[in-house]
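Here the protein sequences line up with chains A and B, keeping their order. Per the numbering used here, the first sequence starts with residue 1, numbered consecutively. Per the numbering used here, the second sequence starts with residue 1, numbered consecutively.
If you are wondering where the hints come from, they were derived from the structure by calculation, not from laboratory data. Just so you know, not all the hints are guaranteed correct.
As the list claims (entries may be wrong) - Reference excerpt, derived from the structure (chain B facing chain A, CB under 10 Å, subset only):
(1) G13
(2) N18
(3) P55
(4) G65
(5) S92
(6) V536
What the hints assert, rightly or not - Covered by chain A, per the in silico footprint, the following chain B stretches (three or more residues, Cβ under 8 Å):
(7) 205-211
(8) 561-568
Idealized CB from N, CA, C, for every residue including glycine.
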Amino acid sequence: MIHLKSSLIAGLQAKTPSADAVIAALRQAVKLEHATIPVYLYALYSLDEQKNAAIAAILQSVVVEEMLHMTLASNVLAALDGPSPVGDPAFVPTYPGPLPGGVEAQLTVSLAPCSPAQLAAFLIIEQPEDPLHFKSVPLTEPDTITIGEFYAAISRALGELPASAFDPSGKRQVGPDLMDGAVVVTDCASAQAALQIIVEQGEGTATSPEEVDGTRLAHYYRFLQIQKGRALVPDAAGGWAYAGPPIVFDPTGVAGVPRDPDQPPYPPGSAEAFANDTFNYTYTSLLFALRDLFSGQNTSAQLNRSIGLMMSLKGQAKAMMAGIPNPAVLTGPSFEYRPTPAA
Amino acid sequence: MSYLNALRLHFAGRFQANVSTVNNDPGHFDNAAFQPAYQQMEGPRMNPANGWFNPQGDAAWRILGCAVTSAFTPAGPAPTTDPIHGCRVADSDSQAPAKMVDLDPEQQLVSQIWGLQVRITTPDGTTLLRGDFDPAAFIDIWDRATVSQGGDADASAMYQSVLRGLVWGDVSTSPFLTALQASAATSGLLSIKFNVDAFNLDYTSPEFMTGRIVGTIGPATADEPRHMVLGRQLMASAGPAGNFFLPAGGINFCVARLDDAADVVFLDLGNALFTGQDAEILDIGDLSLGVYDLRTPPASPPPGGVIPLATLPAQGPAGYATAGWYARTAGVVALPVPASLRPLVERSPLVISSSAGGKQFSIAEAPSGLFVRADDFVVRASPGDVVVRRIYATRFGVRAAGLTLACAADDSQLQSQVGSGPPYVMTSPPVGTPTDVLQYPATLTTDAQGVALLAVTIGDPGRARWFNGGADYGIDGQVYGVRASVAEGGDNGPPNPWNFISFLVWSGFSLRVPGAPTWHDDLQPIFQQYANLYPVMLRFLDLADVESVARNQRLLSLAFGLPPEDPNAMPVTRDLSPAKRAAILAWLDGGMPLGTPPAPAAPRTTPAADPAATTPLRGGKALAASRRLALRSPR
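Please model the complete structure; the sequences and the hints are all you need to start from.
This is the structure we're talking about:
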């Protein structure tokens, strides 16, 4: 379980928190929801999908929902007229490092090819406060909060804001017409509903590993299937068991790319540096496109531009990691802010 | 106007053209004979040829590391205090990279750039100007490098287009950019031209699939052509050797413009001068710009028949053969014309000449001063379409009204092959047949603006390029060439082989059951061919597998529905006919029915590669150029 610095919600603790404090916390939430995406993508794109199809599908499904979470938090932010942090130079996390707002000593997140160790790190990231069938991790560290507590604090603070704090028009919202599962935020209730989806998709409910919609597993349990080696399925007794089809990790189906590829940076002028710089320019372009999508250009054309950049990013990453064009050169993308083309 | 202007900036850097090369061999379009090896990297010296030199290319075309190298206003060079110095030229930071696309496997010499957004930025990437580049094809490809790296690496070509949809940032601190913005206030356009050369074909190099780009951005008016300068066209004669084009006079096709406001000739030598060691411009002696003295017959000038106007030195501070000159100027120079000679310059051919090492170099305007070219010289069309292309005529750089033009079929620069041979896997289908598919007038007359509209009615080429005697799915449609030229007599100078209109005419396409496309009955061969030719798609899905296609229905509906100007449009090659596109979209949106599987056919085999075969040429363009009909049957 990830613990965040309690200072993140300090501004929300007032009896009547200011809209600025809520906006600051929501900007932090957008950063946090984005921060796991490069980590999951790095693992996903390292996989040979012929050999690790089930694991790739799990990672892909989680990334899609993290993207939704980033959108949901952005919708709440936009409803409060808060500026999107997406695409700011400081928006991009440093890897290896703690998740944004995270307690540094607790978990250092790395970009790494898929491995049992990396999957274990994913489980820590996604671990619920009260995992089912697991002993609860004692909360001993002072001055820390869980992600659930973080969102609960934002949600409570939203309830303290005057109704006039919310843009009722829905004008800058990325709605379900553009993204499956998105919530148009126009008032406190819809804002709180949007945040609730984030928490429940990530952690599941208190009684079931399923997400709130009851059709998909929460992220934690999706990843746990890989560790358990089998899909988690409903059992005859009405509960759940890791008794479904095998989900076996094939270590031969993973690209031999480095862990934390900018440690040290690729040598200037190398093929790796060129591919990585070009990737990072595309990645930064995607962040710019998403910033615009979340900031009033909520059109299908803008979404399509963003999807186009995602596809370009995927194509580049898979080629780099697979040794295309030169099988002797395997390059892992470093997911860094780069607003200028490669030289 | 145009980029060839007192107000202009130059930029230099590199570009990437990460094209896929499986489709370089027309035989690879034969689904029935396709081999898995055709998706693999070629062997040494193309033995085996496999999928040629970049089978995994994704067609991305990128601007890399380009810096503004100089800027000028009518008052002269922009002061060093102007922040334009230090600015960058970049592609989009908010949409997918542009794509470079051949028209056809049998017309690979008009590759177009689609979906390019050009930006001028501060050093940290902040956008000062954003504009969309009208899709454009290269022209005037030639054998530029005298220190050969082989094939495409030796070639140079140029692109000219306009930027539109201009979005300006805060340019108030830059007098130059403020002037450029003002120049575009009426037209909403800027003119851009760049030269590309020194392409790298070594897949172990960090510069693989990249080359040098050097260019110019300047004003554009709404009523001038987008892809050419209405200027003084200096015409090169073809030399006896060369792969692409080797100018007999040692200087390639280029354009000059006599300025209206000042007694200056702007001359663009950016794609005209040979390169030598390290791709620097080769010293061919001081270049003298002169004008023919009309008192002597210009076709056979006696000694003294050329009146010198100005000299561009090879060496010294402004020497064109010195390091950095090309990047700094993009080959564009402003040469003074004595006021007393301006009337002569306006009605008599310009000539550039030099000598070095006992050799003479020269290039001149046609004695008649007449020049004719289609602005947009690449056409994709379907049966029943009427395609109109604007043809501009000039006489000594001035719009030529009332001029009679002749229009005729000319397939001589299209690329086909008689007899199979390495690296090609089979005999390529013929081009230009059937011959009655394009209908257009044999003559046209230019209007008061020196413009003639060529209207071409498009017929149906049928299965002209199907394989196995027409039994097996093949290359869609047919390619044709149409050349417009001056019909009137007189010495109109040597023809430019590249100055013609290339047509890709798609075949008619009908569904087995009208209105009800199915995978097996209608679409499978189309998807199979794309899967074969573009292995890059396997990073996303298997286009040959209907289940994989169905799983990606939403993404495919999106991509196939995008206009070709969009960098994400599928297919990236822009070679899918509207009729087939409509069928695919209808199928994707209509439940994706499978239809009736055909009886399995035995795959045809192609001759095994000759283990001793190697090719001396490197690169797609070089091999395509070597297969032009013109080389087979000299005119």
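Please name the hints from earlier in the document that this structure breaks, with their numbers sorted from lowest to highest.
Hint check: nothing fails, all pass.
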